[in-house]
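Let's have the full structure, built from the sequences with the hints guiding it.
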Amino acid sequence: MSWGEIRTISFVTLFLLVLAVVLFLFLNVQATKAIASPVQYELHQPPAIILFIGDGMGEAQREAGSWFSVGQDGQLNMETLPVSGWSITSNISGTITDSAAAATAMATGEKTLNGRISVDISGISLPTILEQAQEQGWSTGLVSNVQITHATPAAFASHEINRTNTITIAEQILDHKVNVLLAGGEDDWFPETETGCYPNPGHRIDGRNLIAEAIAGGYTYICEGEDLAILDFENETQVLGLFADDGMLRPYTPTLTMMTTVAIEILSRDPDGFFLMVEGGQIDWAAHMNDGGNVITDVLGIDSAIAQALDYASINPNTLIIVTGDHETGGMSADLVSSGQPDEDGPFLMPDGTPFYINWTTIYHTGVDVPVMAFGPKSEFLIGTYENTHIYEVMRRFLGWQVNLPLIHR
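Position one of the sequence shown corresponds to residue 1142 (the working numbering), numbered consecutively onward.
Bear in mind the hints are in silico, worked out from the structure with no lab data behind them.
With beta-carbon atoms standing in for the labels, derived distance ranges: (1) Ile1265 with Tyr1505: 24 to 32 Å; (2) Ile1356 with Ile1265: 30 to 38 Å; (3) Met1430 with Gly1541: 39 to 47 Å.
The beta-carbon is built from N, C-alpha and C at its ideal position, and this holds for glycine as well.
So, in structure tokens, the structure goes:
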């Protein structure tokens, strides 16, 4: 064999070796990308945080709603969210929380005393996730089927040492210029000498008509459910809708689903992004009454609203959806076998006819951990068991803040 032939063979061998190495590295990089990024979020899309809070909704409340609606083998919309964890709900004293302290923890990342609305134990105001979203130019919204001044929505847009000071809370919510406010509770906005769309006179002793002030400040005000459907979504930027004297009456008109749909429709037009908190507030009220039927109805009500958020996120994946409770109410359990207790609720029937029963241990709040379900960017930080303040930290990280996330307990 000549030296020329040997050089030719050596060159071909070297070329093939180099080609093999390059091909190996290329395929390895592609495989690594596929493993590291199973979902590619469209981060150029406007970001959004949609937080659902089922007031009083623990694991048993969710389970009863699921059994009634889809049976033991089905899933509610909230149960389809790919990330799940558990929230520890105790207040700063380590005792059973109320809705004010629990909402403050999720809104501000700080635990406080029962009865306090986004202030610490010294009464100093704590910045909320809604306020921080506004600082970044996001639109914001609060939706509930209880009063807009009730503890949970109040914690995102007011600071008050006593949750019962709803007159002051209403003023602060108005001053916060939240873009969309849909709930009950018109009486905190009217003076004692006036009635609004509903029969009872207002609660205000200062003579102020906050509805008139809101309209003068640029809000579109509505008080009938059907008015929601005829809003000019393309041009509305500030909407105040109050649909009851106090908490909304059953059957809710408009529904939580309708209010959520309208809120997303309006807020999502902001190219900078939006924050929306939706509360199913009367799960708690029904559980305080040990009323299993209404607990189920209201769990399914918030679950239907969650479906609207999932529809939005399906085409806007730069959306963080979080679903949780602020605490559990009633010491509720859902059971396949009757306890025989005189205060037992049921039987309720699953879609296949299987009966189940609801039992209670108290008419008050309990200290059990509550489930958390989530979808979207940063939702992976909600796996595990953690203090309820961790929910705020995850939302704040989604806002772009670099924070050291709290310890995951287990």
